[in-house]
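Asks: Sequence:
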Amino acid sequence: MSNQRPGRQVETDSAGTPVGEGDLVAPVYFQTCRSCEFCRRGEFYACENDYEHTGNSPEVWPHFHAPWGTHYYIHPNHHFYRLPDALETHRSIAAAANCALSQVMFGIGEVGVEYNETVVIQGAGGLGLNATVVASEYGAETIVVDSVDGRLEQARAFGADHVVDMDEYDSVDARADRVRELTDGTGADVGIEVAGVPAAFVEGIELVRKDGRYLEMGNVRPGYDVGFDPGRLTRKSIDITTAVEYDPRTLADALDFLENTVEDYPCDQLIDAEFPLAEVESVLEASENRDLTRATLVPPGEQPS
Numbered sequence: 001m002s003n004q005r006p007g008r009q010v011e012t013d014s015a016g017t018p019v020g021e022g023d024l025v026a027p028v029y030f031q032t033c034r035s036c037e038f039c040r041r042g043e044f045y046a047c048e049n050d051y052e053h054t055g056n057s058p059e060v061w062p063h064f065h066a067p068w069g070t071h072y073y074i075h076p077n078h079h080f081y082r083l084p085d086a087l088e089t090h091r092s093i094a095a096a097a098n099c100a101l102s103q104v105m106f107g108i109g110e111v112g113v114e115y116n117e118t119v120v121i122q123g124a125g126g127l128g129l130n131a132t133v134v135a136s137e138y139g140a141e142t143i144v145v146d147s148v149d150g151r152l153e154q155a156r157a158f159g160a161d162h163v164v165d166m167d168e169y170d171s172v173d174a175r176a177d178r179v180r181e182l183t184d185g186t187g188a189d190v191g192i193e194v195a196g197v198p199a200a201f202v203e204g205i206e207l208v209r210k211d212g213r214y215l216e217m218g219n220v221r222p223g224y225d226v227g228f229d230p231g232r233l234t235r236k237s238i239d240i241t242t243a244v245e246y247d248p249r250t251l252a253d254a255l256d257f258l259e260n261t262v263e264d265y266p267c268d269q270l271i272d273a274e275f276p277l278a279e280v281e282s283v284l285e286a287s288e289n290r291d292l293t294r295a296t297l298v299p300p301g302e303q304p305s
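The opening position of the sequence shown corresponds to residue 1 in this note's numbering, with each subsequent residue numbered one higher.
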């Protein structure tokens with residue numbers, strides 16, 4: 001909820017064209033300084049100053065540092081894009097393009113997903129559902145693993161060819177056997193971890209075939225340890241790719257992708273519900289308990305739909 005929000009342009013300088021006041025825009029949630037070593041190499045997703053303004057006190061100019069309020073200041077080093085006309089009435093859905101859709105499009109582009117490959121996706125939250133749509137649109141056969149019935153139902157609605165219920169297949173071995181059953185005995189060509197659970201990484205190695213590929217994208221918080229046998233990874237010759245943040249131009253691709261697919265999937269389900277800002281504590285608690293997939297906070301003065 002804290003890093004995804006479309007907004008309406010309220011002021012521009014003389015260089016503001018072709019974006020004008022009143023246009024709906026989606027800013028990338030991090031900046032690219034364009035001066036650090038990584039930016040100079042074109043690796044904008046690795047910018048050393050990406051969160052320079054994030055978390056600053058509202059007392060520090062220009063005051064509006066995070067998209068949790070009614071206003072949001074776009075710094076000179078921020079990329080942003082105008083929302084396509086078709087998304088004007090899908091603003092909450094378009095908000096997911098900023099992080100979830102852009103992130104999985106970038107990550108899938110990095111790991112590579114080919115037509116007719118099998119992709120196992122660990123986790124059916126916001127990232128997992130978006131990954132299911134993208135992989136399906138790329139022509140892959142998708143397998144989604146989760147333990148929440150509602151999320152598994154959503155995964156089916158978003159194009160999952162198969163789902164694996166962690167309560168039914170209640171061990172790593174059982175889930176790995178099930179994935180092999182669905183993939184002619186070999187395992188998935190590509191694994192995508194978007195559960196955000198350290199143990200999911202270890203399990204993912206068992207779900208992917210020999211000489212397969214694995215995208216680690218859900219575990220973004222350092223400081224969590226998990227037992228891991230590196231020899232198992234080596235013996236299976238699996239390529240590991242990680243992705244955090246994305247090339248800012250991916251957001252433009254994500255908006256185009258969403259414009260072309262928004263009517264093909266129940267994208268409104270990406271947002272469980274809208275809540276007034278006053279209910280933020282209960283919304284955060286429900287999200288932490290996985291009772292919600294993704295909630296939207298509506299600023300004061302606006303009514304939840």
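Just to be clear, a hint being listed does not mean it is correct.
DEER-style ranges, computed between Cβ atoms [stated by the list, open to error]: (1) Asp291 <-> His63: 49 to 57 Å; (2) Thr186 <-> Thr89: 43 to 51 Å; (3) Leu284 <-> Ala199: 30 to 38 Å; (4) Arg180 <-> Glu281: 38 to 46 Å; (5) Asn56 <-> Pro300: 46 to 54 Å; (6) Thr186 <-> Asp229: 14 to 22 Å; (7) Pro58 <-> Lys210: 29 to 37 Å; (8) Thr70 <-> Ile240: 28 to 36 Å; (9) Arg235 <-> Thr89: 26 to 34 Å; (10) Asp291 <-> Pro266: 17 to 25 Å; (11) Pro76 <-> Phe38: 43 to 51 Å.
Since the hints were made in silico from the structure, they are not lab data.
If you're wondering where the values come from, they're calculated on a predicted model, not measured in any experiment.
Using N, Cα and C, we set each Cβ at its ideal position, and we do this for glycine too.
Asks: For every hint, state whether the structure bears it out.
Replies: To see whether the hints hold, each was checked on the structure:
{"no.": "1", "hint": "Asp291 <-> His63: 49 to 57 Å", "in the structure": "33 Å, violated"}
{"no.": "2", "hint": "Thr186 <-> Thr89: 43 to 51 Å", "in the structure": "44 Å, holds"}
{"no.": "3", "hint": "Leu284 <-> Ala199: 30 to 38 Å", "in the structure": "24 Å, violated"}
{"no.": "4", "hint": "Arg180 <-> Glu281: 38 to 46 Å", "in the structure": "44 Å, holds"}
{"no.": "5", "hint": "Asn56 <-> Pro300: 46 to 54 Å", "in the structure": "22 Å, violated"}
{"no.": "6", "hint": "Thr186 <-> Asp229: 14 to 22 Å", "in the structure": "20 Å, holds"}
{"no.": "7", "hint": "Pro58 <-> Lys210: 29 to 37 Å", "in the structure": "53 Å, violated"}
{"no.": "8", "hint": "Thr70 <-> Ile240: 28 to 36 Å", "in the structure": "42 Å, violated"}
{"no.": "9", "hint": "Arg235 <-> Thr89: 26 to 34 Å", "in the structure": "52 Å, violated"}
{"no.": "10", "hint": "Asp291 <-> Pro266: 17 to 25 Å", "in the structure": "19 Å, holds"}
{"no.": "11", "hint": "Pro76 <-> Phe38: 43 to 51 Å", "in the structure": "18 Å, violated"}
Comparing the model with each earlier hint shows violations of hints 1, 3, 5, 7, 8, 9, 11; every other hint is respected.
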